[in-house]
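Visitor: The hints should help you fit chains B and C onto chain A, whose structure is shown.
Residue numbers (my numbering), protein chains in the order written: chain A, 1 to 540; chain B, 1 to 339; chain C, 1 to 287.
Source of the hints: derived by calculation from the structure; they are not laboratory data. Every residue, glycine too, gets a C-beta built ideally from N, C-alpha and C. Some clues are possibly wrong.
What the hints assert, rightly or not - Heads up, simulated DMTMM-like pairs for lysine to aspartate or glutamate below, C-alpha to C-alpha not over 25 Å straight-line:
(1) A:367 <-> C:41
(2) B:297 <-> A:64
(3) B:162 <-> A:51
(4) B:96 <-> A:254
(5) B:297 <-> A:394
(6) C:173 <-> C:116
(7) A:115 <-> A:95
(8) B:162 <-> A:276
Unchecked claim - Some chain A residues near chain C, calculated using beta-carbon distances under 7 Å:
(9) 64
(10) 169
(11) 211
(12) 256
(13) 328
(14) 331
(15) 335
(16) 387
(17) 396
(18) 400
(19) 404
(20) 408
(21) 415
(22) 416
(23) 417
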Amino acid sequence: MKRTRRWKRLLAQGMAMVMLLLALSGCGGQGQTETGGASADGEKHLIMAVDPDYETFDPGRAYETYADLVLHSCYDTLLQFEGGDVETLVLGAAEDYTVSEDNLTYTFTIRPGQKFSSGNEVTAEDFKWAIERGINLQGNPAFLADYIDSIETDGDYTLIFHMKQPDASFLTKLTYSMFAAVDRETAEANGATNAADAATADTAKTWFDYNSAGSGPYRIESYTPNSDVVLVRNEYYSGTAPYFDKITIRTVTDTSSQVMTVQGGDIDIAVNVDVDQAASLEGAEGITVHHAQTATISYLLLNCAEEYGPISDPKVQQAVRYAIDYPGVLALAAEGSTVPVGPFPEGFPGSLPAQDPTALQDLDKAKALMAEVGYADGFTVELYIPTINVLGVDFVTLGQKVQSDLSEIGINVEIIPQDSAVAQEGYRTGTQSMGLRMWSPDYPDNGAQLAFLPGNVVGDRANWEAGSYPALEELGKEAETTVDLEARSEIFNEIAEIMSEESPFVVLMQHATQYVTRDNITGADYSNRYLFDLRNIAAA
Amino acid sequence: MNILRYLGRRLLFTVFLLIGVSLMVYIISYMVPSDPVVANLSARNIDNEEMVQAYREKWGLDEPFYKQYLTYLNNLLHGDLGTSLRTERAVLDDLKLYFPATLELSIFGILFAVVFGMLFGVISAIKRNKAVDQILRGVSVVGVSVPVFWMALLLLYLLYLKWGIFPGPGRLSAYLTPPAHVTGLYTVDAILAGDWAVFWDALQHLCLPGICVGLFTMGLISRTTRSSLLEVLSLDYIRTARAKGVKEKAVIVKHALGNSLISVLTVIGLGFGNLLGGMVLAESVFGWPGIGQYAYKSAQNLDFPAIVGVSLLIALNYVVINMVVDILYCVLDPRVRYR
Amino acid sequence: MKKIKYSLRSSSFVRMLRTNPLFAIGVAICAAWLVVMVFADLIAPCDPLLQDMAVRLQPPSAQHWFGTDSLGRDIFSRVLVGSRISIGAGIQCILIAAVVGMLIGGLSGYVGGILDDIIMRIGELFTSFPSIILAMVIASAMGASLFNTLLTMCIVWWPNYARVMRAMVIQVKSNEYVEASRSLGASRLRIFFKEILPNSIGSIIVLATVDFGNAILLFASLSYMGLGSPPPAPEWGAMVSNGAEQFSYWWVATFPGLAILSVSLGANFIGDGVRDYLDPKLRKTIS
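Pulled out of the complex, with its shape left as it was, chain A reads as follows:
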């Protein structure tokens, strides 16, 4: 008996210790640092949580959405956007610019007296060198410079671009870090080169990942992959100094965790918030849930090559468009998501307003179209889906919604989920009979969406070859070179109307996004260009 009792006591002690441990860790030090305002030593510190996609902070190589958070803070471009506005370009490093009559020559005057974080002065040569480096690196953003013929400097403060052909989106493209001034001296000392063989000869990527050499208001103090990027003031910055002394961009992959820490006051901005989380947070004290429209669209790609069967028939493609239950699709996405006209996002300069989702489905018409081309009994088609989550929308779930909708008009969809890299290959080679895809415009201008036209980058993926819709292609060419905004938007509207009726692309939605900030933060406006313009954020 005695023996048993001793064991019981031991067991009880063990249990108690476990409980104690649990309790202790529960109320354990919720140490608080001062964020969003002055801390004890007066340092103003902004902390944000993101689930980032960046692989590099080399301004000549980076092209990921989240990289701009860092790059736009550290590098000045000639022109830039401010806050959440992506319609009005403002002067950045340039104090003035002129465009020639034929739209083939751009002359920029650079404001004297600007300095890199090394203390060196910014000259036209730094711009020329950096842009040439970007072109020769042949990295992801290099295509932005496709229409540039040559770059010339005239003295220290004049930079001249000679174009191969007029490019209506050129000024917008200039907001990319590839066109930012880079401190040539520092960069070259760390292995950078603008030579023609830069793609192989340039060894500065690693250095640029952990350091910056720009003339923006901040510089990279440290970068720990998977943990955080810390930005501190560039003490040589000559413009209006931003509010915060220090910005920490912390990697927090889990969305619930991001939200919890904002609620607890540990961080100031949580960027990745789930659809249902946002709903549950409305009205919570001390924090604000923001909704914003993005320019990201999700669409169905229908292959136009005959070998892919009935789906290549234009009538069938129209039927697919009429078969989708758009309100049901939008129910899967963030509040504020819409169905744009064609692939042209609402909110871009000159775009048409979004469509009424309840008026788009017409099953009778869809069935009639199917019958018209002899597929009244339907057919089977494969739908390739990358296993990704786009702004809170799980693509595999979205694909199953499409599958169910199309079964209404007799189309039997077989879903093939693929890792995004593998799906990318099927897309690239144009071998997907049907694909669920997402598209983020390369720059906030409808010009970027011309990729969807026949024979262009996306059109090709659907085997919508050049020459299959001459009238449309003609309009596209006109749009690309028309610089006058009003004339341009008229052309774009015409294109949009055509594409929303006849095209191998069924645009399912333009995504909205949601993010949470603490109430003591202002200026955290979602930007379709930079995600957030960190220069603009301040304490309330």
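Guide: Just chains B and C, lined up with the frame of chain A:
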């Protein structure tokens, strides 16, 4: 000279294992219909034949299969694991970056498994066939039966979101700055830096994922402890000890437990392999920036240099752990000789 | 590792049911799931694939016992019908791996020498390689499908059976009656199939029983990672994964997870019972 012969054999096997594992991944990479170029070049550069060619040359993707592999082996001999196609960093650097997180978590998981596994096992054995025994055996079977990913979600939902007892995913709360990098293990680094707030926070963050990755091994250990303890307790020398009036607690702790440690050790060796498998799942649920996440992302991008790197690291771990277990065997039980 | 070398008899099965409550529970759970697998279509109240956006993400109710998922499908029906894929895959994996492992292990043990060494080292190679990572690579490269997933599972699973089979073969090979039949002029193949195989099958079956829970778990894990049958097939692991994205709707992930847990628990209870029964020393201590 037994130990030398043993080490020699193990070393030989290690070499075989490393060659085998890397060869296997290389064969897979050769057989797959998908093209790593597409996965890692931007949409526009893919249309540019020149770029694609340059890329293939840069990564040696245009060489015949055997040549690629021999080059790789040669580099491996010089301690060069190649460069990741995705991150464009040296694979070795990437591994150094991600491995400490996994190491810290697996150590914690194993500790949890050993402590609770043995505790449950001992209690079970002493109370055999009583209610406590049945319950604890039930718990240990649940431990080996529960899907790691589901358990992880459940723990997160209840203990973090609902009740707020434990912190959420990640290695450290967002408002804290990781300690200066020495070992890469946050808890150890925090102690070295004398930063107790960070240490405590990191420790808390280890709890839930640690339980998840350790549960399976805990179940195995508790089961083994119970049965081997029962076996030992029935042996003659224990009966003798009892007859001599040695106290029951002493009998169990001094005589029986020491002996059953040997079989527990085997299980730990086996469990470690399983632990690493569960790690991939637990890391994905807990957003733990470790080798599992790295492997997952690499696999998605068909980043074969990285995949080979991870595979080699894991195989090496397997060898080392088994070696340590073997050596501990001999320490614990002098009758066992190095095979 | 302990060698398992006793076969089961039906009379001992009944006795285990009576003396080992956990074993009995395991048998009950597995039997219940077998019934569900066979009659899933009849039991399920709804079409597991039917979507209804009007009732998406509804909590459990009288109409939808386990609630509905993000596409408004009835989770209860999906869990029931999903048993066919999720349990079926476990059974198939074990069967194939056992057959392949037996053949390879048998050959290895029977022939011996260098071949034996090579085969066993290769087996160890696969064991040292975490199955999940191998599966991820294979699935990324070849695409997710039930076939690819089963293939991967078998690739990592056969060495267990090969090892047991090999040990058995070596043991049996030295038995007198095998030598006797050899001296009587029986061919090697004949000896293998007539003498060695029947003698080894018992322990293989036992190993398979003990292993079944693990196979269910591995398949669920792979399906959680996005491998396995393509959607909309109701696969348990995939359903949990779907629910993981909707944290506040706890029922989406909870019920399929419970289903996985119950099957693997049942299988492990049975496996444990069998193991205890076969461990003669332990049996002596217990009784």
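Visitor: Look at each hint and say if it fits the structure.
Guide: So, going through the hints one by one against the coordinates:
The straight-line distance between the Cα atoms of residue 367 of chain A and residue 41 of chain C is roughly 31 Å, outside the 25 Å bound, and the hint therefore fails. For a cut-off of 25 Å, the pair hint linking residue 297 of chain B to residue 64 of chain A stands: about 16 Å separates their Cα positions. A C-alpha spacing of about 23 Å is found between residue 162 of chain B and residue 51 of chain A, which places the hinted pair at or below 25 Å, so the restraint holds. Restraint check for residue 96 of chain B and residue 254 of chain A: satisfied, since their Cα atoms lie roughly 23 Å apart, inside the 25 Å limit.
The hinted pair formed by residue 297 of chain B and residue 394 of chain A meets the criterion: a straight-line CA distance of about 18 Å does not exceed 25 Å. Restraint check for residue 173 of chain C and residue 116 of chain C: satisfied, since their Cα atoms lie roughly 14 Å apart, inside the 25 Å limit. Using a Cα cut-off of 25 Å, the hinted pair residue 115 of chain A and residue 95 of chain A holds, with the two alpha carbons roughly 15 Å apart. Restraint check for residue 162 of chain B and residue 276 of chain A: satisfied, since their Cα atoms lie roughly 16 Å apart, inside the 25 Å limit.
The restraint placing residue 64 of chain A at the interface with chain C is violated, with a minimum CB-CB distance near 21 Å, outside the 7 Å limit. Among the interface hints, the one on residue 169 of chain A is violated; its C-beta lies about 36 Å from the nearest C-beta in chain C, farther than the 7 Å criterion. The restraint placing residue 211 of chain A at the interface with chain C is violated, with a minimum CB-CB distance near 34 Å, outside the 7 Å limit. Checking residue 256 of chain A against chain C: minimum C-beta separation of about 6 Å stays under 7 Å; hint holds.
Hint on residue 328 of chain A holds. Least Cβ distance to chain C is approximately 4 Å, under the 7 Å limit. Residue-level restraint check for residue 331 of chain A holds (minimum Cβ-Cβ distance to chain C is 6 Å; threshold 7 Å). Taken as an interface hint, residue 335 of chain A does not check out: its beta carbon lies about 15 Å from the nearest beta carbon of chain C, beyond 7 Å. At about 5 Å, the closest approach between the beta carbon of residue 387 of chain A and any beta carbon in chain C falls short of 7 Å, and the interface hint on this residue holds.
The beta carbon of residue 396 of chain A comes within 6 Å of a beta carbon in chain C, closer than 7 Å, and the hint placing it at the interface holds. A cut of 7 Å between beta carbons decides the hint on residue 400 of chain A: the least distance to chain C is about 5 Å, and the hint holds. The beta carbon of residue 404 of chain A is positioned within 7 Å of a beta carbon in chain C (closest approach about 5 Å), and the interface hint is therefore held. Among the interface hints, the one on residue 408 of chain A is violated; its C-beta lies about 11 Å from the nearest C-beta in chain C, farther than the 7 Å criterion.
Here the hint on residue 415 of chain A is kept, as its CB sits about 5 Å from the closest CB of chain C, short of 7 Å. Hint on residue 416 of chain A holds. Least Cβ distance to chain C is approximately 6 Å, under the 7 Å limit. Look at residue 417 of chain A: its Cβ gets to within about 6 Å of chain C, closer than 7 Å, so that hint holds up.
Of the numbered hints listed earlier, those contradicted by the structure are 1, 9, 10, 11, 15 and 20.
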